[in-house]
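Visitor: Sequences and hints are given; from them, build the entire structure.
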Amino acid sequence: MSDLWLLMILCTLGTYAWRGLGVLLGGRLEPDSDLFRWVSCVAYAMIAGLVMRLIVMPTGPLAGSLFWHRMLACLIGLAIYRGLRGNLFVAVGTGAVVLVVLNELRGVFG
Amino acid sequence: MSVQRAAFWRGARESFGAPIAVIAANYLGLGAFASATAVSVWAIVVSTFTIWALPGQLVMVDMWMVGAPWVAVLLAVMLTNVRFLPMSITIMPVMRDPAHPRWLYYVTAHFIAMTSWVVCMPRLQQMPPIERVAYFIGFSLTCIIVGAIFGALGFYAAASIPPAVQLGLIFLTPINFFILLAGEVRERMGALALTCGAIAGPLFHLLTPEWSVIFAGVIGGTLAYGLNKLIGARRE
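Residue numbers (the numbering used here), protein chains in the order written: chain A, 18 to 127; chain B, 785 to 1020.
Source of the hints: derived by calculation from the structure; they are not laboratory data. All clues stand as given, with none of them false.
Pairs of lysine to aspartate or glutamate residues, derived as EDC-like cross-links and limited to a Cα-Cα distance of at most 20 Å, are as follows:
1) Lys1013/B <-> Glu971/B
2) Lys1013/B <-> Glu47/A
3) Lys1013/B <-> Asp49/A
4) Lys1013/B <-> Asp51/A
Where chain A lies over chain B, by a calculated footprint (3+ residues, C-beta under 8 Å):
5) 801-813
6) 859-869
7) 939-953
The model shown is predicted, which means the values in this text are computed figures rather than measured ones. Built from N, CA and C at the ideal position, the CB exists for glycine as well.
Guide: Written out as structure tokens, the structure is:
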């Protein structure tokens, strides 16, 4: 067990390294500079890439559901979010329920 | 001081909502996953406070279980968490205030995560600079505490969560960020960055799963930045 704690310390330092390095590099950056805009683009692209990967090709239990079910659930959630002027709670909850129901129906009807 | 204290508690209060529900559900899932391994509940709770990056924690537990070499575990964890670098670089100038000592930014940096970054980047700019660090820490610390509590809950409740509900819980992460990002994007540059990243992410995952986060971010982000300049120049 003790080797997991040592490994955890290593992973903690490794993860903090990115955050700390960001302070060092971002310290003098001006929010309306071109460099700032480029790094923002990289940050948003990284997150969007990660999220889309989870939707398009997930691992674990999600891999057992259909791609178009996941996509439809996301789009319904987004439509509700837009329709309700930003009620994220209802939008996300409804989307998740849509996926679960679609997936269960597939189990029932083959 | 009292202004900052008020901002801290406002951040803590405003963190309650869909994002924190998603964090709770995610950590419920991580705890449930860990209960099926030889990892103790304390490893989940402590790593939530020290690492505070769910995909990284999952990778660490998973690879430790299969006995992967430490260098490989560390490299995998760092590669999944590389997103913190551009997040930290861009949120720091927003939180800057002459009244803060420099070390405070290094402490604040530890609290950066996907949820707090996505929610706070636009939110912070609506308040006076002096309040931003306190608000951000209040917001993030609440998320961490809730994450740790639900990680422990998931550890002990794993057996009683039905598979259909587990599916819904796991789906909360992608759908939450999908709606939050696609629903809140206002300007052309952000929309381009999200679109390019959304296409590049799965594409690079097919080519090289380990490096896909870096490639999707740097190549997708640079493409978006270039396109935005090009369109801007043509409009003038």
